[in-house]
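Engineer: Sequence lines, in order, name chains A and B. Per this note's numbering, residue 346 is the first one in the first sequence, and the count goes up by one each step. Per this note's numbering, residue 346 is the first one in the second sequence, and the count goes up by one each step.
No wet-lab data here; the hints were simulated from the structure. Since we're looking at a predicted model, the values are computed, not measured. Among these hints, one or two may not hold up.
One copy or two, it doesn't matter: identical chains are merged, so the pair holds either way.
[As the list claims (entries may be wrong)] SDA-like, lysine to any residue: derived pairs with alpha carbons at most 20 angstroms apart: (1) 361 x 420; (2) 540 x 718; (3) 674 x 599; (4) 356 x 426; (5) 356 x 810; (6) 467 x 639.
2 protein chains.
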Amino acid sequence: MAKTKKPPRPKAETPKGFRDYFGEEVLERKAMLDAIAEVYHRYGFDPLETSAVETLEALGKYLPDVDRPNEGVFAWQDDDEKWLALRYDLTAPLARVYAQYRNELPTPYRRYAMGPVWRNEKPGPGRFRQFYQCDADTVGAPTVTADAEICAMLCEVLEVVGIPRGDYMVRINNRKVLNGVMEVAGILEPSEPEKFAHERGIVLRAIDKLDRLGEAGVRALLGEGRKDESGDFTKGAGLSDEQAETVMAFMAARREDGAATLARLREIVGASTTGLEGVAELETMAELLHAQGLGAERFVLDPSVVRGLGYYTGPVFEAELTFEITDEKGRPRQFGSVAGGGRYDDLVKRFTGQAVPATGISIGVDRLLAALRAKGRIGGEAARGPVLVTVMDRDRIAEYQAMAAELRAAGIRAELYLGNPKNFGNQLKYADRRMSPLAVIQGSAERERGVVLVKDLVLGKKLAAEIETNEEWKAQPAQAEVPRAELVGHVRGILETLDGGGGA
Amino acid sequence: MAKTKKPPRPKAETPKGFRDYFGEEVLERKAMLDAIAEVYHRYGFDPLETSAVETLEALGKYLPDVDRPNEGVFAWQDDDEKWLALRYDLTAPLARVYAQYRNELPTPYRRYAMGPVWRNEKPGPGRFRQFYQCDADTVGAPTVTADAEICAMLCEVLEVVGIPRGDYMVRINNRKVLNGVMEVAGILEPSEPEKFAHERGIVLRAIDKLDRLGEAGVRALLGEGRKDESGDFTKGAGLSDEQAETVMAFMAARREDGAATLARLREIVGASTTGLEGVAELETMAELLHAQGLGAERFVLDPSVVRGLGYYTGPVFEAELTFEITDEKGRPRQFGSVAGGGRYDDLVKRFTGQAVPATGISIGVDRLLAALRAKGRIGGEAARGPVLVTVMDRDRIAEYQAMAAELRAAGIRAELYLGNPKNFGNQLKYADRRMSPLAVIQGSAERERGVVLVKDLVLGKKLAAEIETNEEWKAQPAQAEVPRAELVGHVRGILETLDGGGGA
Numbered sequence: 346m347a348k349t350k351k352p353p354r355p356k357a358e359t360p361k362g363f364r365d366y367f368g369e370e371v372l373e374r375k376a377m378l379d380a381i382a383e384v385y386h387r388y389g390f391d392p393l394e395t396s397a398v399e400t401l402e403a404l405g406k407y408l409p410d411v412d413r414p415n416e417g418v419f420a421w422q423d424d425d426e427k428w429l430a431l432r433y434d435l436t437a438p439l440a441r442v443y444a445q446y447r448n449e450l451p452t453p454y455r456r457y458a459m460g461p462v463w464r465n466e467k468p469g470p471g472r473f474r475q476f477y478q479c480d481a482d483t484v485g486a487p488t489v490t491a492d493a494e495i496c497a498m499l500c501e502v503l504e505v506v507g508i509p510r511g512d513y514m515v516r517i518n519n520r521k522v523l524n525g526v527m528e529v530a531g532i533l534e535p536s537e538p539e540k541f542a543h544e545r546g547i548v549l550r551a552i553d554k555l556d557r558l559g560e561a562g563v564r565a566l567l568g569e570g571r572k573d574e575s576g577d578f579t580k581g582a583g584l585s586d587e588q589a590e591t592v593m594a595f596m597a598a599r600r601e602d603g604a605a606t607l608a609r610l611r612e613i614v615g616a617s618t619t620g621l622e623g624v625a626e627l628e629t630m631a632e633l634l635h636a637q638g639l640g641a642e643r644f645v646l647d648p649s650v651v652r653g654l655g656y657y658t659g660p661v662f663e664a665e666l667t668f669e670i671t672d673e674k675g676r677p678r679q680f681g682s683v684a685g686g687g688r689y690d691d692l693v694k695r696f697t698g699q700a701v702p703a704t705g706i707s708i709g710v711d712r713l714l715a716a717l718r719a720k721g722r723i724g725g726e727a728a729r730g731p732v733l734v735t736v737m738d739r740d741r742i743a744e745y746q747a748m749a750a751e752l753r754a755a756g757i758r759a760e761l762y763l764g765n766p767k768n769f770g771n772q773l774k775y776a777d778r779r780m781s782p783l784a785v786i787q788g789s790a791e792r793e794r795g796v797v798l799v800k801d802l803v804l805g806k807k808l809a810a811e812i813e814t815n816e817e818w819k820a821q822p823a824q825a826e827v828p829r830a831e832l833v834g835h836v837r838g839i840l841e842t843l844d845g846g847g848g849a
Numbered sequence: 346m347a348k349t350k351k352p353p354r355p356k357a358e359t360p361k362g363f364r365d366y367f368g369e370e371v372l373e374r375k376a377m378l379d380a381i382a383e384v385y386h387r388y389g390f391d392p393l394e395t396s397a398v399e400t401l402e403a404l405g406k407y408l409p410d411v412d413r414p415n416e417g418v419f420a421w422q423d424d425d426e427k428w429l430a431l432r433y434d435l436t437a438p439l440a441r442v443y444a445q446y447r448n449e450l451p452t453p454y455r456r457y458a459m460g461p462v463w464r465n466e467k468p469g470p471g472r473f474r475q476f477y478q479c480d481a482d483t484v485g486a487p488t489v490t491a492d493a494e495i496c497a498m499l500c501e502v503l504e505v506v507g508i509p510r511g512d513y514m515v516r517i518n519n520r521k522v523l524n525g526v527m528e529v530a531g532i533l534e535p536s537e538p539e540k541f542a543h544e545r546g547i548v549l550r551a552i553d554k555l556d557r558l559g560e561a562g563v564r565a566l567l568g569e570g571r572k573d574e575s576g577d578f579t580k581g582a583g584l585s586d587e588q589a590e591t592v593m594a595f596m597a598a599r600r601e602d603g604a605a606t607l608a609r610l611r612e613i614v615g616a617s618t619t620g621l622e623g624v625a626e627l628e629t630m631a632e633l634l635h636a637q638g639l640g641a642e643r644f645v646l647d648p649s650v651v652r653g654l655g656y657y658t659g660p661v662f663e664a665e666l667t668f669e670i671t672d673e674k675g676r677p678r679q680f681g682s683v684a685g686g687g688r689y690d691d692l693v694k695r696f697t698g699q700a701v702p703a704t705g706i707s708i709g710v711d712r713l714l715a716a717l718r719a720k721g722r723i724g725g726e727a728a729r730g731p732v733l734v735t736v737m738d739r740d741r742i743a744e745y746q747a748m749a750a751e752l753r754a755a756g757i758r759a760e761l762y763l764g765n766p767k768n769f770g771n772q773l774k775y776a777d778r779r780m781s782p783l784a785v786i787q788g789s790a791e792r793e794r795g796v797v798l799v800k801d802l803v804l805g806k807k808l809a810a811e812i813e814t815n816e817e818w819k820a821q822p823a824q825a826e827v828p829r830a831e832l833v834g835h836v837r838g839i840l841e842t843l844d845g846g847g848g849a
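Let the sequences and hints guide you as you build the complete structure.
Structural biologist: In structure tokens, the structure reads:
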């Protein structure tokens, strides 16, 4: 390093919109990813891990948040001037991979992928710029059989990770129906597909915001535009009242059962070939799901689901948690969407020029974890820490270390206290902080007699809350003296009792 | 989207220096990470997952490859003009996290972390710009007990993932010894620590390249400089012959056993307090390792190990695989280093101003996987694919789908053929491509009789290689007709036979 003045101290902070995950949070996410991967694998999907970095051109411009700089991605120029970017989802990299390796991959190609994705968006409460997705996609399968399979698998995933039937609903729609509606409304001409593309984009994002903005808000965005609470104005699609009514009727087409919804959708799309095809596909999907034993308690045909991403071309679906949680301000609210997906037949075509049908699901793992935590289904009890071997005599470190090594060799989580051993109280405080179940202690007196003290910290804590006199304290059974040679067996015995008979 | 001309097709390519990992590669890495995490956890370390993105100032300038743009990292400016960057290792983020949360974290803080890191380096064969690291560190433990524990754990990790004792060697050194040598050579003045910092950086990196450049190359870099084969000149540290000899003597100080090496080091560092302290620490580490049962077959004191990173302050260590592999050009070569680490007492101080002792290890998971593959210890047999339910009659998709669903419900990996079912041969080719053990077939004739055909593709392939006549072929047992209701039981039976009695 060059001889320079010392720079000012850097600030120790997580970058804006990012966060760190500690201990149990990491383990809980890993357990969820493992459980989801098991289902994906059982359904015949193979893992794929692409790099976090893609060329910007490979990613395409598909993020709904198009008004942000760099189109919502983190991007930079490589040494050769080429723009690189962090992936914003796992679907765009899959399309790139399939186009790149299509001659070597099986068709259909069924792959799953899990990992972080990055969005250059304005961070907000519970809204981060890095989060996990866990996807499964089938590339090269043209019929809705593939879409129905993905929806059935999505239900199984949700139940496997701890969302019981009744606490979620998979809502299904079809973009072709929406395209039929756009035709009827006069903003899609099959012979000139690029015309009104801008307006259709606004309509799509407006419908996608129904939950947040309500009917009036969406209506405004279909027309001239909408001013939000902060006074910011968002330009609308500029539809006439009549055009807007057609779109609003579509969004409200859901009826008491699937058959009635399908009938209503047929009315709305009228003579549109695309629209009718979409309705027929919706009907087939419902049949296939019924044949697999899925009924109204797990899925519903819901025309208000459109998904914000521009690339969907057929069935779209979204899994919503139906229970209420309490938000930061103590108000009850619906938890909302935790997974979504659909058919995107043109993403590979971007690269190859040839249409390649594809469909898939993306699960928002971090949102799902938040939901389970909000319901108290994970994270209730703090995980057990390691057995702590304390240090009474710093000249005998090697002996204490041997105790920890013996415990570990027996499969027991254990550690030697590595801080300054001078103050023994600090060692026990550390054990407490680490949620250690046991502390192992050997002073010179114990050593001479060939024994160790094993302190049961769980029992000790319980007794400390109950014991009132000194006599009781001395008689308390939370500390045992055992021969040094029996250390491992004694510790294992206590841990098995704590586990209710299980292993360490 | 605005009405624009269609852009030219993007190229489907992995960005330069990055790669994609498919199927087994992903599963093998996951298995290794899980195995390492189990050891780290058993030793009392807790997981931490920081974001991939850090502020550039938090990362600091510690990469050895300082001549590259952006100091070897991928960096960009955020909306608020702040520079962000992808982490280049897992140690810098740990220092940031500890500084940020030090009041809430236990001391010592023992954490493990695993995940990709990114280096903006020139890619080469087997050298990628994204790769996995798997680290364990203890922050707040001042004595070499912590370093010795990390070294012992490193040995256990290597053996757990499949590198037997004798196939690896942990080489241990101490930066304080090197600093003592620098004092003796006159390029470190304890009273003026910043003086000659630039020269010491060159010396450090030169020693670190001993394996690649040989003694003559290092000698050149200690003096005026070195011209490589391409003609590029690297400026040297400018040491006199006498100064350089001291450094060279240090590098060559390894003797037949640890005691002799320590004696030789004492000679070289002479009166340097720091140097003698380093030798004493080395000695203590060796004693602690011996007390844990580690001997000369697992670790060696080796003064030529210095580690390239500038931040180490005490013990440094490196795990080297000692077996030979065959390189791309068919030549035998040593595999080399797969893990390294050491003590870095000043990294947290950068943020807080207060010294916080810390030590840790980083395992190069991708290199370790490459080593195991090169030795044929993983990746030999392709993993088994899913049972394939074929489609004979596309009007009965729901029935075929139900077969796949039944198999999956029984825990058997299965899938329905989702490509175009017209050409049945393509379905069997797909099964072959997927390494499917079995294909399930039901034409209309079978359906009328209430049966399915189960084709044993493993046995079929074996027989196809052996059978020579048509009569034999007809009599071959690779295809069985079973009642529809017995599908799952029959399939499970065959899979258990393939597994040698285990489950599916």
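Engineer: Going through the earlier hints one by one, which of them does the structure break, listed in rising order?
Structural biologist: 2, 3, 5 and 6
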